[in-house]
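The working numbering puts the first residue of the sequence shown at 10, with every later residue one more than the last.
It is possible that some hints are incorrect.
[Claimed, not checked] Per label pair, the in silico range of CB-to-CB distance:
1) N94 with C115: 35 to 45 Å
2) L136 with V85: 21 to 31 Å
3) E172 with Y105: 42 to 52 Å
4) V156 with A92: 22 to 32 Å
Derived by calculation from the structure, the hints in this document are not laboratory data. Glycine included, each C-beta is placed from N, C-alpha and C at the ideal position.
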Amino acid sequence: MKKILASVVLATTFSAAAVAEGVQDSGFNNTWVDVEYVDVADGGVRARGSYSLDGNLNIIGSLGVYDKATALTGGVSYGLGLANNLDLLLHGELTYVDFDCGPNDCDDTDIRIGTELRFQLNEPLELYGDLYYHDDLNVDLGARFSVTDGIKIIGGIDLNDDETLHIGARFSF
């Protein structure tokens with residue numbers, strides 16, 4: 010079942026990449042830093058970032074410090090402007106998680122691939138949905154609300170085994 014789900018995510022990703030010739034400017038900024046409180050078991054803090062190399066191709070990464078784990082990710086994403094105010098973001102990352110397993114530390118290294126759809130509903134409100142595969146198929150749904158030109162409030166829910174809530178701020182550059 011996991012192989013089928015991974016195949017679906019990969020097929021969606023590569024199908025979207027095939028239409029990249031018709032990419033247009035969607036108006037989204039892909040250079041930013043997110044700082045969020047994440048409700049995982051006893052909670053934690055996560056910092057994520059993206060640096061745009063050419064407007065579409067981005068370097069991405071994150072650091073999460075939680076009650077019983079520390080997580081690092083690094084990878085790339087590619088933004089496809091589908092229409093004005095509508096963007097498809099394809100991403101692939103290597104992940105490393107160091108769990109606190111008592112006297113012995115345990116860790117996990119994996120790959121995360123997915124696709125995020127972003128829609129600017131109106132001037133201050135952006136909605137997003139991220140479908141990704143990381144050990145299983147997961148969905149992250151949320152919103153970003155612009156407070157100023159470079160600052161957004163973030164809120165969302167990651168629908169995985171734990172149904173994780175997250176809230177924070179995005180700083181765009």
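A quick look at each hint next to the structure:
Here the CB-CB span from N94 to C115 is close to 44 Å, well matched to the stated 35 to 45 Å. At roughly 24 Å, the beta-carbon separation of L136 and V85 lies within the given 21 to 31 Å, and the hint holds. The hinted window of 42 to 52 Å between E172 and Y105 is violated, with their beta carbons roughly 23 Å apart. Checked against the hint of 22 to 32 Å, the pair V156 and A92 passes, with Cβ atoms roughly 25 Å apart.
Comparing the model with each numbered hint stated earlier shows that hint 3 is the single one that does not hold.
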